[in-house]
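Asker: Okay, here's what each chain looks like letter by letter:
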Amino acid sequence: MKKICNISFILSAVMIFQIYPAFGRSEAFKDNIYELGELKPTDSVVKVKIGDPAPDFTLPSVSGEKVSLSDFKEKKNVVLSFVPAAWTPVCSDQWPGYHLAKSIFEENEAVLLGITTDNVPTLFAWTNQMGNLWFPVLSDFWRHGATADKYGVLRSDGMSERALFAIDKKGIIQYIEVSDINARPKLESLAAALEKMKTPLTPSK
Amino acid sequence: MRNVLKFFIVIYAVACLSPAFANLLPEGGAMPEISLSVPQLPEHRTYLGLPEQGMFSLPQIKAEVLIIEIFSMYCPHCQREAPSVNSLHQKIENDKVLKSKVKMIGIGVGNSDFEVNFFRKTYHVLFPLFSDADFSIHKKIGEVRTPYFICIKINKDQTHSIFYSKLGPIQNADDFLNLISQQLQLK
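Chains as they are written, first to last, in our numbering: chain A, 17 to 221; chain B, 13 to 199.
These are calculated hints, taken from the structure and not from any lab test.
None of the values given here were measured: they were computed from a predicted structure.
There could be a bad hint or two in this list.
Below, computed lysine-lysine pairings styled on DSSO-like, alpha-carbon distance capped at 27 Å [as the list claims (entries may be wrong)]:
| no. | chain 1 | residue 1 | chain 2 | residue 2 |
| --- | --- | --- | --- | --- |
| 1 | B | Lys133 | A | Lys118 |
| 2 | B | Lys133 | A | Lys212 |
| 3 | B | Lys151 | A | Lys56 |
| 4 | A | Lys202 | B | Lys165 |
| 5 | A | Lys202 | B | Lys151 |
| 6 | B | Lys113 | A | Lys202 |
| 7 | A | Lys214 | B | Lys151 |
So here's chain A without its partners, still in its complex pose (with noise of 0.2 Å):
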């Protein structure tokens, strides 16, 4: 009977890893892609809105020096790019997407943080598999998804939801896009929030 149980369980587990579709397929990433299977969409309240000062934070990233919000202020604008896990479909894909995506973010004045709440180590083996990211990659490990928290993304089980937030060079934050967990954001919708950031230039007298 017992080894019934094991056999259903194993088809079970077959047909859950298999069956589902279709994000972090790259080769780069060959088999060392970790199934979630399909998760509750969005599992926390937006803390922030459109219009309110980012709130500040300082977090380790995988080159090893320390990163805070703060010290893009009257220089950049600013992408918060929180991906719920290393490792898994979507956010293998994503990040990828946006170091092709570089000429968006330098057209618009706009430096790109991505941040998860994994720690350094599985970071660096991650992003490692991208290639040399241009953008650094934060790590809100400890004390765990603080900063996601402080924006309303920490889901109840740890991970941060899939999540845009762009603020200008004021610090204040001009745009929100908190995803399905379960699918990548177009690119079109951040690269049109960022265009309507962009400095205008001053009109020639």
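We have chain A; now place chain B onto it with these hints.
Answerer: Chain B in isolation, oriented as in the chain A frame:
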């Protein structure tokens, strides 16, 4: 308890027939029915020999061999391989015989039109790229990983068969073009 086991075996068997399990692109087989919008750029319509608007299926492309790259702008390998894929396209275009017989397209799985266009502009891709934003094509072809290359031989009666179907980059462009030439009975 044996009934429980039977239940799971039946479910497993059904699941094995689903697109996620099956190899839907076997060499010697045919492509699933795929319908795409005629490209907006006139040079792409001319390249593929298509009318000005509407939908088309792959065997309607005016070619004897069609190379299909399944890619995503979010896939690091697809990004790294883009220059090599471009140079393969250029080699075909520079070959007087192959140029009229062999065409290439790319299908960006899970990519919006904006994302496909961004990839095209970033890498200066000259052959037509199509968007599969809702993964509907990706599901039809068995949710293959990317990059994935498929070559089909298109017959005069618009029947076709797959003669190359592989995951990962094309390792050697010359060997690959030799394979195509064999299909065209040029060698």
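Asker: Hint by hint, note whether the structure agrees.
Answerer: Outcome of the hint check:
1. The hinted pair formed by Lys133 of chain B and Lys118 of chain A meets the criterion: a straight-line CA distance of about 13 Å does not exceed 27 Å.
2. Under the criterion of a C-alpha separation no larger than 27 Å, the hint pairing Lys133 of chain B with Lys212 of chain A is consistent with the structure, at around 22 Å.
3. Distance restraint check for Lys151 of chain B and Lys56 of chain A: the Cα-Cα separation of roughly 23 Å lies within the 27 Å cut-off, and the hinted pair is therefore satisfied.
4. With a C-alpha separation of about 35 Å, the suggested pair Lys202 of chain A and Lys165 of chain B falls outside the 27 Å cut-off, and the hint is violated.
5. A hinted pair counts as satisfied when its Cα atoms are at most 27 Å apart, and Lys202 of chain A with Lys151 of chain B qualifies at roughly 19 Å.
6. At most 27 Å may separate the alpha-carbon atoms for a hinted pair to count; Lys113 of chain B and Lys202 of chain A exceed this at roughly 36 Å.
7. A distance of roughly 39 Å separates the Cα atoms of Lys214 of chain A and Lys151 of chain B; the hinted pair therefore is violated under the 27 Å criterion.
Checked against the numbered hints given earlier, the structure breaks hints 4, 6, 7 and satisfies all the rest.
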